[in-house]
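Residue numbers (our numbering), protein chains in the order written: chain Z, 28 to 384; chain G, 28 to 384; chain F, 28 to 384; chain P, 28 to 384.
By construction, these hints were calculated from the structure, which means they are not laboratory data.
Glycine included, each C-beta is placed from N, C-alpha and C at the ideal position.
Just so you know, not all the hints are guaranteed correct.
Calculated cross-link-like contacts (lysine to any residue; reagent style SDA-like; alpha-carbon spacing at most 20 Å) [as the list claims (entries may be wrong)]: (1) F/LYS297 - P/THR303; (2) F/LYS283 - P/ARG332; (3) Z/LYS122 - G/ALA290; (4) F/LYS74 - F/THR89; (5) F/LYS333 - P/THR303; (6) F/LYS188 - P/ARG332; (7) P/LYS283 - F/GLY141; (8) G/LYS381 - F/TYR383; (9) P/LYS74 - P/ILE201; (10) G/LYS302 - Z/GLN138; (11) Z/LYS191 - Z/GLU216; (12) P/LYS297 - F/GLY141; (13) F/LYS381 - F/SER172; (14) Z/LYS74 - Z/GLN138.
Here are the in silico distance ranges between beta carbons for each label pair [stated by the list, open to error]: (15) F/ASP192 - P/ASN343: 28 to 34 Å; (16) F/GLY241 - Z/SER172: 51 to 57 Å; (17) Z/SER296 - P/SER203: 55 to 61 Å; (18) P/ALA226 - F/LYS297: 37 to 43 Å; (19) G/PHE65 - P/LYS100: 36 to 42 Å; (20) F/VAL92 - P/LYS122: 37 to 43 Å; (21) Z/ASP60 - G/LYS188: 38 to 44 Å; (22) G/GLU91 - Z/LEU198: 51 to 57 Å; (23) Z/PHE65 - P/LYS240: 52 to 58 Å; (24) P/GLU334 - F/GLU202: 42 to 48 Å; (25) G/GLN77 - Z/GLN77: 43 to 49 Å; (26) F/LYS381 - G/GLU91: 28 to 34 Å; (27) F/LYS381 - G/GLN77: 38 to 44 Å.
A short list of chain F residues far from chain Z (calculated; beta carbon distances all over 10 Å) [said to hold, decoys possible]: (28) LEU48; (29) GLY76; (30) PHE97; (31) ASN114; (32) THR340.
There are 4 protein chains.
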Amino acid sequence: MNSFGEIFRITTFGESHGEALGVVIDGCLPNIDFNFDFVQSELNRRKPGQSNISTSRNEDETFEVLSGIFNGKTTGSPLTLLVRNINQKSEDYDKLKDVFRPGHADYTYQQKYGIRDHRGGGRQSARETVARVLAGAVAKMYLQSIGISIHAYVSQVYNIKLEKDYTQLDLKQIESNVVRCPDSEKAKEMIALIEQTRAEGDSLGGIVSCVCKGMPVGLGEPVFDKLHAQLGKAILSINACKGFEIGSGFDAVTMKGSEHNDAFELTESKEINTKTNHSGGVLGGISNGMDLFFKAAFKPVSSIRKEQQTIDTNYNSIDVNIDGRHDPCIVPRAVPIVEAMAALVLIDMLLRNKMYR
Amino acid sequence: MNSFGEIFRITTFGESHGEALGVVIDGCLPNIDFNFDFVQSELNRRKPGQSNISTSRNEDETFEVLSGIFNGKTTGSPLTLLVRNINQKSEDYDKLKDVFRPGHADYTYQQKYGIRDHRGGGRQSARETVARVLAGAVAKMYLQSIGISIHAYVSQVYNIKLEKDYTQLDLKQIESNVVRCPDSEKAKEMIALIEQTRAEGDSLGGIVSCVCKGMPVGLGEPVFDKLHAQLGKAILSINACKGFEIGSGFDAVTMKGSEHNDAFELTESKEINTKTNHSGGVLGGISNGMDLFFKAAFKPVSSIRKEQQTIDTNYNSIDVNIDGRHDPCIVPRAVPIVEAMAALVLIDMLLRNKMYR
Amino acid sequence: MNSFGEIFRITTFGESHGEALGVVIDGCLPNIDFNFDFVQSELNRRKPGQSNISTSRNEDETFEVLSGIFNGKTTGSPLTLLVRNINQKSEDYDKLKDVFRPGHADYTYQQKYGIRDHRGGGRQSARETVARVLAGAVAKMYLQSIGISIHAYVSQVYNIKLEKDYTQLDLKQIESNVVRCPDSEKAKEMIALIEQTRAEGDSLGGIVSCVCKGMPVGLGEPVFDKLHAQLGKAILSINACKGFEIGSGFDAVTMKGSEHNDAFELTESKEINTKTNHSGGVLGGISNGMDLFFKAAFKPVSSIRKEQQTIDTNYNSIDVNIDGRHDPCIVPRAVPIVEAMAALVLIDMLLRNKMYR
Amino acid sequence: MNSFGEIFRITTFGESHGEALGVVIDGCLPNIDFNFDFVQSELNRRKPGQSNISTSRNEDETFEVLSGIFNGKTTGSPLTLLVRNINQKSEDYDKLKDVFRPGHADYTYQQKYGIRDHRGGGRQSARETVARVLAGAVAKMYLQSIGISIHAYVSQVYNIKLEKDYTQLDLKQIESNVVRCPDSEKAKEMIALIEQTRAEGDSLGGIVSCVCKGMPVGLGEPVFDKLHAQLGKAILSINACKGFEIGSGFDAVTMKGSEHNDAFELTESKEINTKTNHSGGVLGGISNGMDLFFKAAFKPVSSIRKEQQTIDTNYNSIDVNIDGRHDPCIVPRAVPIVEAMAALVLIDMLLRNKMYR
């Protein structure tokens with residue numbers, strides 16, 4: 028439920044306006060040098076209030092280590108990381124206490140559990156992803172040490188679409204603008220549209236693309252825990268995500284087999300390569316050593332200032348507009364979360380693959 | 028790995044040309060009336076050789092029960108179902124023994140395991156889905172008894188696309204044609220295109236759409252085991268699946284929040300409803316009682332008769348054309364498999380939800 | 028690894044001299060009234076320094092709630108409980124940094140992980156059981172609300188043995204003395220022996236017996252997760268536990284079938300009962316509604332002041348005597364831990380059993 | 028439920044008088060040479076009718092392989108092994124259809140599931156252990172290849188007790204007599220007592236001791252999945268098992284710390300050893316490289332010919348005597364089952380330990 032992974036297994040906890048958000052990592056490899064600055068920098072990438080296209084909330088994102096580190100290294104015991112909640116404005120939510128907000132999980136949580144922490148959305152809030160980013164940062168430390176890097180970026184906001192393939196982009200430019208799009212022209216258009224939409228009290232969705240480089244062959248466990256199936260679950264579990272595709276994805280539908288099949292060829296160093304990468308780096312659920320490539324679709328943020336029709340908890344029809352400090356477009360902030368989830372899948376699959384050696 | 032589900036937990040086994048394909052269902056509810064005919068009819072829907080647009084292999088799909096049934100009812104003990112393989116032509120695969128077929132998992136299996144059952148693709152073969160359909164049929168029996176029905180259909184083959192929404196379709200027509208498209212005009216076009224492509228020795232992909240009706244509120248477990256995340260994993264684990272979307276899916280990207288949010292309203296019987304269903308029946312990972320709706324993209328079949336460039340197991344570049352009895356378009360036969368996986372997710376989530384009562 | 032339970036699933040974290048010890052409970056039922064005082068009182072029962080037969084360490088055992096409670100009730104979201112470590116004297120352990128203490132896990136942790144937090148034993152310390160007692164207290168709250176009570180007591184210390192059967196004891200007397208033996212005469216003997224042994228710088232083991240009353244029929248999952256098998260694992264996982272037996276246990280060996288079989292009979296209220304309870308309340312791994320009864324053997328504490336031969340981390344033979352504040356007999360403090368583990372098994376089995384309804 | 032192990036994960040299925048008993052092994056290492064004769068010989072050791080001290084049922088124990096083997100080797104795909112039931116005499120059980128047999132799980136199965144396969148005890152029958160022995164044989168193949176051997180033997184039947192320590196026994200003699208006791212004098216006494224008890228229509232319990240040699244350091248996962256905790260669960264899950272102890276076990280209670288602690292010393296080859304082995308080869312839940320030693324207590328068989336008082340399914344008091352072909356003492360046949368469960372724990376812990384490398 029609140030755990031993910033088979034060996035590198037994380038359990039997240041905490042509510043938007045509770046004491047803290049945190050994660051316990053069980054099955055963490057021992058003897059990883061714990062880089063505090065790196066973890067903090069990852070948290071900062073997810074943090075709200077980074078720019079004028081995101082929410083003005085100034086969430087405190089300084090993390091604490093509760094367990095699992097000794098002399099600067101992981102010990103193999105559960106690693107617990109935590110961020111205290113200190114800038115909540117729960118009173119902002121008082122008037123929403125009895126309202127089922129459209130697009131949110133107020134109604135479904137209430138029905139499922141018979142109780143609901145309405146403050147800031149409680150457990151349904153995307154603030155839970157703080158814990159994922161913390162865990163993902165630990166996973167990335169290890170992946171980087173064995174040469175695997177993960178690069179997510181915004182490839183579409185509403186109708187502004189990056190037509191270029193990831194191979195044509197300079198991935199080092201991703202963090203050069205607030206919308207995290209590696210094409211500076213497109214980035215400007217996206218930013219302008221987000222600002223305009225915010226002014227209108229509305230919101231926008233978009234697409235995050237992600238490429239993982241330095242992939243070994245052999246990650247992924249047939250038949251149900253295929254690499255892209257587990258990755259799909261990981262990504263779809265991120266708040267607001269509505270779709271996932273690996274490699275050619277939905278575009279595969281309008282290709283013929285003779286076009287879609289990636290021909291095998293030998294590199295000069297006599298390694299096996301594919302000429303194209305429609306597979307997205309996965310064959311039969313197992314990584315083939317090519318770049319892992321996938322996309323995730325995010326819906327427009329549900330919290331909008333425009334008036335909406337809904338029901339309250341007493342089953343009265345009411346109208347609601349949702350004030351408060353909300354992102355008009357969550358997609359740029361989803362970038363580090365997508366990377367975190369990808370990192371968690373990869374490290375788990377790497378550890379699972381060790382049994383075959 | 029070869030198991031799926033937390034409570035209604037299936038484990039599948041068997042290879043394409045081995046002794047048998049089967050499934051053990053652990054956590055099966057006791058006292059379900061086991062309908063042998065229904066299970067057989069589901070198997071028949073998946074079976075190859077149903078029409079001239081599919082493979083001419085005549086796989087024997089008669090199943091056996093090895094355990095878990097007493098006096099025609101499930102007992103709560105592991106339920107084991109099996110289909111013997113009796114019409115394999117393993118010699119067809121002899122010449123492929125040393126070839127890494129493009130688009131297939133020959134290369135990745137060999138690298139991961141250091142051994143590979145090449146006969147009919149071994150464990151990587153889509154014949155494994157026989158076991159899923161068997162288990163799914165059992166799940167369906169229970170779901171039907173509590174009013175939940177699952178309807179998958181082909182909504183696109185290559186560029187022939189069903190523009191109508193599922194609410195405008197007559198779902199009873201799905202099985203009226205071999206391509207399993209509930210629009211008879213589109214079905215004819217699809218069939219014609221598939222036949223033409225077969226003649227060319229090439230293959231086509233497509234989209235399967237699926238709607239589940241009679242959904243209760245409350246299915247799905249935050250935060251990682253969200254209903255659509257688990258469903259996404261289930262569907263993406265089907266051979267050849269490249270993409271999954273829930274509700275509006277990738278189309279959500281070009282909608283604004285004010286358009287996308289589904290307004291809550293009261294029905295005449297004072298139940299909570301949404302006016303639209305962009306969510307696809309899931310809010311915050313929990314079913315909201317509306318129709319569950321999702322789509323899955325399938326790539327064109329990898330086995331084609333056209334000549335392709337590849338590598339053999341001795342790392343020589345070679346050309347290959349893959350003869351044998353292959354489907355030019357797997358999508359119609361994917362329909363019962365998609366339904367089976369959806370049924371497995373739903374029954375598991377139903378059982379998991381019982382702890383809250 | 029650091030998790031226990033399938034549905035009511037706990038994950039514990041923390042080291043003896045780290046920041047904190049804590050537990051995340053995933054799968055906690057919603058709407059349980061959270062009784063802070065009760066949880067604190069359970070912690071106090073485990074706390075060191077309760078009497079002059081236990082260690083004089085004054086561990087701070089005030090707990091914090093980090094998540095999962097709203098308006099005094101559980102929400103169904105992960106419940107996180109924590110005790111900060113504030114009275115550690117890590118410098119006491121400096122001289123043991125390079126020593127493999129006999130009977131302890133220093134050597135095996137070092138070999139397994141390649142790193143070891145030596146301060147207070149790190150993760151191997153019995154201080155980890157703080158987290159189990161916290162989680163167990165939550166489980167007990169629920170169990171009590173449905174009429175299940177758990178009573179553990181000390182039935183043997185070294186050679187001083189309580190000969191009476193649990194049915195002949197006044198279980199309300201358990202907490203009336205520091206050794207937690209419900210027979211005051213035996214208790215005095217045990218206390219005297221423990222004090223004498225402490226003076227000698229040596230240590231003692233003993234037996235904890237446990238009875239659970241108000242048991243429903245049907246708990247336990249054949250074939251591997253039998254109630255007593257899961258209970259055995261739970262109890263054996265407690266530090267220093269060397270043996271577990273259910274019902275007649277090892278005494279069953281010297282009984283004949285005609286003696287051992289518990290005859291079924293009808294109660295006046297027409298319920299099924301057994302005349303004797305050699306089974307300990309479990310038939311075929313499933314509770315039969317009789318009292319659940321089991322025993323656990325604990326070895327003498329490994330930390331003793333007497334000189335012992337051992338090896339240091341540089342593989343030199345050395346002699347060591349272990350100063351510091353250690354219990355000469357851990358058994359009385361094991362009582363609440365045994366109860367906690369039993370409660371965790373019972374609540375999990377109760378929730379697992381709900382699927383059959 | 029019907030699965031055991033985290034990585035080398037077995038799922039057993041089948042009922043005593045159903046079609047078959049079998050096991051699926053998921054997570055089986057690839058490239059193990061599958062030794063058919065060895066598996067058959069292990070099955071034969073468990074088989075009833077081996078001697079005149081066991082049941083005269085002549086169960087057919089020839090196994091089939093359904094999946095997972097290619098060219099005589101395991102492939103890493105699920106390995107499915109099966110024994111068909113061909114000599115059932117279900118009619119023997121007809122008169123027991125409505126009886127809750129004392130000491131058996133008839134009553135608890137009926138209450139838990141609301142349905143019960145009474146034929147031969149259905150799923151509650153010890154015939155289920157056929158599947159465990161099959162899986163254990165595969166585990167042993169691998170363990171033997173890396174130098175780990177497992178030796179269980181009967182150390183007590185009723186009051187006839189083998190006083191010698193395992194180090195004083197010739198373990199090669201275990202299979203030299205039908206009672207599987209490596210001391211031929213004691214074996215004779217045991218056999219005589221069993222024959223006499225059979226004549227009386229009664230039954231006997233006993234103790235199986237087990238030693239595993241060639242143990243590596245590092246197996247076992249703190250804190251809940253300690254090696255001896257997982258082993259305890261495995262052994263306690265065997266039918267009729269009432270107690271488990273590791274190393275000194277319950278005898279530890281009457282030892283002082285100074286006696287019980289195993290002093291570390293260096294071997295001539297500069298490896299770390301302990302002078303004594305009261306720990307039974309486990310420190311803090313992790314193997315320390317010494318022999319793993321444990322004991323299991325088995326109750327007398329519940330099926331006896333003597334008249335017993337009980338209840339029928341209509342809640343009438345009745346008397347019953349249980350005819351049929353039952354073992355008067357199951358303990359000798361439990362020997363290969365204990366070994367199988369130990370092998371399954373060890374291989375799983377070995378694979379889990381690989382993640383740390």
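Status of each hint after checking the structure:
no. : hint                            : verdict
1   : F/LYS297 - P/THR303             : 55 Å, violated
2   : F/LYS283 - P/ARG332             : 12 Å, holds
3   : Z/LYS122 - G/ALA290             : 19 Å, holds
4   : F/LYS74 - F/THR89               : 10 Å, holds
5   : F/LYS333 - P/THR303             : 17 Å, holds
6   : F/LYS188 - P/ARG332             : 37 Å, violated
7   : P/LYS283 - F/GLY141             : 31 Å, violated
8   : G/LYS381 - F/TYR383             : 9 Å, holds
9   : P/LYS74 - P/ILE201              : 16 Å, holds
10  : G/LYS302 - Z/GLN138             : 19 Å, holds
11  : Z/LYS191 - Z/GLU216             : 16 Å, holds
12  : P/LYS297 - F/GLY141             : 18 Å, holds
13  : F/LYS381 - F/SER172             : 17 Å, holds
14  : Z/LYS74 - Z/GLN138              : 31 Å, violated
15  : F/ASP192 - P/ASN343: 28 to 34 Å : 30 Å, holds
16  : F/GLY241 - Z/SER172: 51 to 57 Å : 53 Å, holds
17  : Z/SER296 - P/SER203: 55 to 61 Å : 60 Å, holds
18  : P/ALA226 - F/LYS297: 37 to 43 Å : 39 Å, holds
19  : G/PHE65 - P/LYS100: 36 to 42 Å  : 39 Å, holds
20  : F/VAL92 - P/LYS122: 37 to 43 Å  : 58 Å, violated
21  : Z/ASP60 - G/LYS188: 38 to 44 Å  : 53 Å, violated
22  : G/GLU91 - Z/LEU198: 51 to 57 Å  : 54 Å, holds
23  : Z/PHE65 - P/LYS240: 52 to 58 Å  : 46 Å, violated
24  : P/GLU334 - F/GLU202: 42 to 48 Å : 45 Å, holds
25  : G/GLN77 - Z/GLN77: 43 to 49 Å   : 56 Å, violated
26  : F/LYS381 - G/GLU91: 28 to 34 Å  : 32 Å, holds
27  : F/LYS381 - G/GLN77: 38 to 44 Å  : 41 Å, holds
28  : LEU48                           : 8 Å, violated
29  : GLY76                           : 23 Å, holds
30  : PHE97                           : 4 Å, violated
31  : ASN114                          : 17 Å, holds
32  : THR340                          : 14 Å, holds
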